[in-house]
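J.: If you want the building blocks of each chain, they are given just below.
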Amino acid sequence: MRRRLHLLATHLAVGFFSLITVTPYLWLLSTSLKFKTEVFTPTPQWLPWPINFGNYAEVFDRAPFGTFLVNTVIVVTGILAVQLVTVTLAAYVFARRQFRGANILFLLFLAQMMIPIHATFLPNFLTLRNVDLLNTRVAMMLPFFASGYGTFLLRQAFKQVPRELEDAAIIDGCGGLRFLWHVLIPLARPTLVAFGLISLVSHWNDYLWPLIVTDTPDVRTLTIGLGMFVQQESGADWTLLMAATVFVTAPLLAIFLVFQRKFIESFMFSGLKG
Amino acid sequence: MRQRWGVLLMALAVFLAGAPPDAQAQAPSKLIRLTFYYPVGVAGPLAKVIGEMTDKFNKENPGVEVVPVYSGDYDPTLQKVQTAVMAGNPPDIFIVEISELPTLLAMNAIIPLDDYVKKAERGKYWEDFFPAFRENSLLRGRIWWIPFQRSTPVFYWNKELFKKAGLDPEKPPQTWAELKEMAKRLTIREGNEVKQWGVTISGGWNDWLFEAFVRQNGSWLINPDGTKVNFDSKEAVEALEFWVDLMHKEKVGPPHSTWGSTPPDFVAQRTAMLYHSTGILTFLRNSAKFDFGVAFMPKNKTFGAEVGGGNLAISRKIPKDRQDAAWKFIEWMTSSENAAQWSMASGYVATRVSAYNVPTLKEFLAKDARYLVARDQLQYASGKMMAPNFQKIREILKRQLDDAVDGKVTPKEAMATVQKQVEAVIKR
Amino acid sequence: MPDSTAVVTPERPSAQALWLTPTGRFRFRGGGIYLYLLPSLAFLAIFTYYPIAFSTYLSLFRWNVLNPDKVFVGLANYLTLWHEPLFWLVLRNNLFYALGTIPTTMALALFLAVLVNQKLGAARSIYRVALFYPTMIPMVAAAMLWVWIFNPGIGLFNYYAGFLGMPRIEWLYDRHWALPAIIIMSIWKNFGYFMLIYLAALQGIPAELYEAASLEGAGAWSRFREITFPLLAPTSLFVFVVAIISSFQVFDQVFVMTQGGPADQTNVLVFYIYQNAFRFWDIGMGATLTTIFICLLLVLIAVVFRYVGRRVYYEAE
Chain A
2 MRRRLHLLAT HLAVGFFSLI TVTPYLWLLS TSLKFKTEVF TPTPQWLPWP
52 INFGNYAEVF DRAPFGTFLV NTVIVVTGIL AVQLVTVTLA AYVFARRQFR
102 GANILFLLFL AQMMIPIHAT FLPNFLTLRN VDLLNTRVAM MLPFFASGYG
152 TFLLRQAFKQ VPRELEDAAI IDGCGGLRFL WHVLIPLARP TLVAFGLISL
202 VSHWNDYLWP LIVTDTPDVR TLTIGLGMFV QQESGADWTL LMAATVFVTA
252 PLLAIFLVFQ RKFIESFMFS GLKG
Chain B
77 MRQRWGVLLM ALAVFLAGAP PDAQAQAPSK LIRLTFYYPV GVAGPLAKVI
127 GEMTDKFNKE NPGVEVVPVY SGDYDPTLQK VQTAVMAGNP PDIFIVEISE
177 LPTLLAMNAI IPLDDYVKKA ERGKYWEDFF PAFRENSLLR GRIWWIPFQR
227 STPVFYWNKE LFKKAGLDPE KPPQTWAELK EMAKRLTIRE GNEVKQWGVT
277 ISGGWNDWLF EAFVRQNGSW LINPDGTKVN FDSKEAVEAL EFWVDLMHKE
327 KVGPPHSTWG STPPDFVAQR TAMLYHSTGI LTFLRNSAKF DFGVAFMPKN
377 KTFGAEVGGG NLAISRKIPK DRQDAAWKFI EWMTSSENAA QWSMASGYVA
427 TRVSAYNVPT LKEFLAKDAR YLVARDQLQY ASGKMMAPNF QKIREILKRQ
477 LDDAVDGKVT PKEAMATVQK QVEAVIKR
Chain C
74 MPDSTAVVTP ERPSAQALWL TPTGRFRFRG GGIYLYLLPS LAFLAIFTYY
124 PIAFSTYLSL FRWNVLNPDK VFVGLANYLT LWHEPLFWLV LRNNLFYALG
174 TIPTTMALAL FLAVLVNQKL GAARSIYRVA LFYPTMIPMV AAAMLWVWIF
224 NPGIGLFNYY AGFLGMPRIE WLYDRHWALP AIIIMSIWKN FGYFMLIYLA
274 ALQGIPAELY EAASLEGAGA WSRFREITFP LLAPTSLFVF VVAIISSFQV
324 FDQVFVMTQG GPADQTNVLV FYIYQNAFRF WDIGMGATLT TIFICLLLVL
374 IAVVFRYVGR RVYYEAE
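Chains as they are written, first to last, in the working numbering: chain A, 2 to 275; chain B, 77 to 504; chain C, 74 to 390.
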């Protein structure tokens with residue numbers, strides 16, 4: 002009986018916090034479906050009536066959100082693609098080879114995890130300006146191509162593979178890169194997937210760096226597009242703003258809801274083990 | 077197999093990433109493509125309107141194609157323009173906020189337009205612009221850019237709430253004293269909470285509004301050359317004292333807000349009176365469910381206002397033929413017809429006197445005379461203050477204004493601080 | 074040592090690191106291995122480490138929109154900042170933000186992780202999704218939403234807070250409450266992620282420990298205090314470090330919600346750097362602030378590595 006009460010209390014507590022967390026998004030959806038004049042009611046109307054789907058169309062009419070979506074997809078996949086290459090190669094030698102300076106070099110990788118783009122954006126901006134790469138999609142990707150975090154995670158995963166396996170493989174003529182490609186990578190797939198998801202999510206949501214290096218709408222990403230859209234509306238038309246916000250958040254949320262197990266697993270084990 | 081597709085997809089992504097944003101393969105050789113950076117400072121589908129106008133121009137001028145690039149609010153647009161200029165890759169045409177002229181000149185970013193202007197419309201072009209709008213276009217005797225999206229602050233009042241408070245809905249306050257009295261009557265409190273503010277002086281561009289108040293008190297803040305500042309004058313301090321009185325002592329107005337938050341507040345009837353740009357009139361018309369009026373800002377020693385908005389400029393570091401094409405565009409955009417058209421679509425004041433004779437605009441104004449208030453206020457309006465490094469000056473002024481209306485510093489101290497810090501900035 | 078990138082292992086003179094093979098190619102000790110690191114190192118060098126050097130270098134110059142050619146001024150920029158009250162206000166804001174978000178977020182995350190770790194059946198996945206989804210939203214989107222929610226007149230927050238007896242606060246328009254508003258919003262956005270980290274760690278605690286404790290009559294709180302909390306110490310440390318670094322990176326919310334105002338009460342370091350570099354076009358000052366920021370991070374890195382790093386590094390062996 003005590004147990005039951007305990008469980009009930011737990012459900013109530015967790016349910017309460019879940020509700021608080023979800024409520025803002027419901028409010029977002031609700032506002033996005035209202036008419037401009039229906040927003041200024043003194044008491045919140047949760048169910049929009051009459052429903053106005055037109056806000057979404059108008060959002061698209063006012064700014065090329067479709068382009069923004071395409072740009073975002075290009076940028077995050079581009080980042081991940083190159084990251085997978087740099088991270089895999091680096092993690093391989095850190096995990097399975099001894100060489101001079103390994104410790105110091107690895108420290109450089111680890112330190113990078115603690116030096117975010119927010120600290121280096123100004124000099125990086127100047128660098129890109131000097132090589133005339135501003136306002137390109139590549140510019141949004143470059144600083145992220147090396148990932149200390151990914152290298153660290155993958156190194157841990159690669160280390161799990163027993164030495165004997167590698168020795169056997171070498172004897173069979175499958176050493177080095179072949180071993181990496183045919184054995185290590187498949188075995189480390191969960192880690193790669195986890196890292197991939199984390200990278201995709203975090204770069205989908207990038208704002209400061211794209212803000213600084215992009216000028217024109219044709220390379221803008223969703224987050225920047227939303228920020229610009231807000232200014233366009235001078236913060237006045239909430240229904241449109243909320244509709245735009247729904248559109249910007251929907252793709253990733255939808256994928257998240259479908260693959261939630263994978264996402265949650267990935268993020269859960271993004272920390273240190275134990 | 078799935079791995080291969082993954083790799084392929086990613087390779088494609090990286091390839092696409094390198095693709096230049098405006099990959100124009102082989103453009104017809106004679107076509108001049110001009111980039112046009114512009115801001116949108118008021119609510120509404122203005123990006124669309126600009127798009128439509130440039131489309132029209134492009135059709136009428138086959139050798140030129142203007143590509144409009146919406147660049148955000150005034151601040152981000154300035155930032156993008158500056159970035160591009162400093163990268164040696166400036167937009168051909170751009171609009172930035174008028175106070176930035178000295179900064180643009182310090183960056184050597186734009187060309188003087190005197191020669192073009194002299195030849196335009198057989199010499200009658202320049203005089204047709206309202207004098208108040210011309211002021212920020214001139215510096216050291218030369219014309220640097222052309223007025224385009226221009227405004228003044230105006231005074232909005234909610235007639236229904238006036239009625240409820242027992243005030244004559246057709247009589248907005250004419251003086252500061254009246255404003256204070258009416259604001260007190262229009263402020264409704266429930267316990268410690270304010271349900272309805274009497275008057276809101278919008279934040280965000282409260283530096284702009286403050287200049288207006290100083291003008292209403294018969295003074296100025298920065299001289300037209302941008303070399304002398306007058307923040308600690310008696311009149312400026314008095315103006316700030318009036319603000320502090322309203323927002324801190326009598327508490328009839330909110331001390332802080334943003335430029336974008338106050339129009340919805342007005343629509344939601346959270347504030348009975350509002351100081352804001354004439355540019356939001358269309359938004360208010362479309363959103364408010366009550367009758368409201370537009371008037372001159374109340375006077376103290378005199379009615380006073382200063383102008384605001386953005387001008388069209390041509391970059392310096394582009395070849396002459398592009399500059400010529402850019403001028404064609406500017407001349408077109410600022411013709412009487414188009415100035416009228418733009419005014420109707422945006423709510424900005426039409427920049428030229430003759431625009432008000434254009435039949436469509438006349439019709440439009442006949443239906444709603446409130447749009448004429450800003451234009452009529454122009455007789456009391458002066459140019460907007462400008463100086464090099466204006467962004468920093470703005471922040472300094474806004475900070476002290478914010479602190480003063482919170483009671484953190486006295487108006488005298490605040491303006492003394494502004495004076496000191498701005499003088500340091502100008503000298504730097 | 075078998076060199077996997079060549080069929081024949083060239084003879085290596087024992088002491089030399091660099092030598093010429095009989096076929097005329099240069100080889101150096103380790104050879105191909107460094108090649109594996111080259112891509113990463115190249116990007117790290119250009120985009121992480123060179124910026125540190127570059128910004129330190131630039132901080133010694135006066136370089137702004139009115140001085141388009143750099144002028145060497147030594148430590149003058151640093152001196153200016155030392156005497157600039159706004160600079161200290163910005164640092165104070167970062168500190169307040171950290172104090173406001175970190176303990177609360179950690180406590181909330183831990184609390185919910187412990188609860189969610191119970192046997193909640195099918196509801197558990199629903200709870201996890203509900204509590205974690207804010208991580209999937211860009212901060213700017215969340216910020217936009219919360220500007221709307223914090224609207225003093227018709228926003229959700231004030232409406233429901235009113236039922237709890239709270240006075241109507243002007244939130245983003247009140248110099249005292251703007252930063253708390255941002256703090257509240259950031260907690261909402263971030264706690265789910267930390268909750269998951271704790272959840273993962275909790276699942277690593279053997280159930281037997283709890284059973285044994287129960288048998289000895291220890292209550293829930295006791296079990297938490299004696300078993301859970303201590304065993305989560307490494308995780309808590311990790312979460313703490315991540316939270317501190319995140320707290321320095323606050324930008325998006327400030328940019329969207331307050332632009333540093335009112336009266337610079339929400340101006341934080343990254344936003345201040347952005348203001349100086351991209352609004353005032355004072356690159357010299359921006360570089361100075363960047364260098365200071367990086368120094369703070371480096372100090373943090375040093376501390377972390379000294380006390381934790383070894384454990385992290387070797388444990389990963």
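If you're looking for bench data, these hints aren't it; they were derived computationally from the structure. Note that CB positions come from ideal geometry on N, CA and C, so glycine has one too. Just to be clear, a hint being listed does not mean it is correct.
Pair ranges (Cβ atoms, derived) [stated by the list, open to error]:
1. A:Leu48 with C:Asn140: 36 to 44 Å
2. C:Tyr283 with A:Ala14: 16 to 24 Å
3. A:Phe54 with B:Glu439: 32 to 40 Å
4. A:Val71 with C:Ala196: 52 to 60 Å
5. C:Gly235 with B:Ala492: 54 to 62 Å
6. A:Phe100 with C:Asn140: 32 to 40 Å
7. C:Pro279 with A:Phe260: 24 to 32 Å
8. B:Gln250 with A:Phe36: 49 to 57 Å
9. C:His156 with A:Phe54: 50 to 58 Å
10. C:Ala196 with B:Glu326: 36 to 44 Å
J.: Is it true that the C-beta distance of B:Gln250 to A:Phe36 lies inside 49 to 57 Å, as the hint says?
T.: With Cβ atoms ~37 Å apart, the hint is violated.
J.: State, for the Cβ atoms of C:Pro279 and A:Phe260, whether the hinted interval 24 to 32 Å holds or is violated.
T.: holds (30 Å)
J.: CB of C:His156 to CB of A:Phe54, is that within 50 to 58 Å?
T.: Cβ of C:His156 to Cβ of A:Phe54: about 57 Å, so the range 50 to 58 Å holds.
J.: Is it true that A:Phe54 and B:Glu439 lie within 32 to 40 Å of each other by Cβ?
T.: With a Cβ separation near 34 Å, A:Phe54 and B:Glu439 satisfy 32 to 40 Å, so the hint holds.
J.: Take a look at whether the Cβ-Cβ distance between C:Gly235 and B:Ala492 falls inside 54 to 62 Å.
T.: Roughly 41 Å apart at Cβ, these two residues miss the hinted range, so it is violated.
J.: Does the Cβ distance between A:Leu48 and C:Asn140 fall inside 36 to 44 Å?
T.: Roughly 59 Å apart at Cβ, these two residues miss the hinted range, so it is violated.
J.: C:Tyr283 and A:Ala14, beta-carbon distance inside 16 to 24 Å?
T.: holds (19 Å)
J.: In this structure, is the beta-carbon distance linking C:Ala196 and B:Glu326 contained in 36 to 44 Å?
T.: violated (54 Å)
J.: Do the beta carbons of A:Phe100 and C:Asn140 sit within 32 to 40 Å of each other?
T.: Distance hint for A:Phe100, C:Asn140 is violated at roughly 47 Å.
J.: Using the beta carbons of A:Val71 and C:Ala196, state whether their distance is inside 52 to 60 Å or not.
T.: Given a distance of about 38 Å, which is not inside 52 to 60 Å, the answer is violated.
Violated hints, listed in ascending order, are 1, 4, 5, 6, 8 and 10; each of the other numbered hints is respected by the structure.
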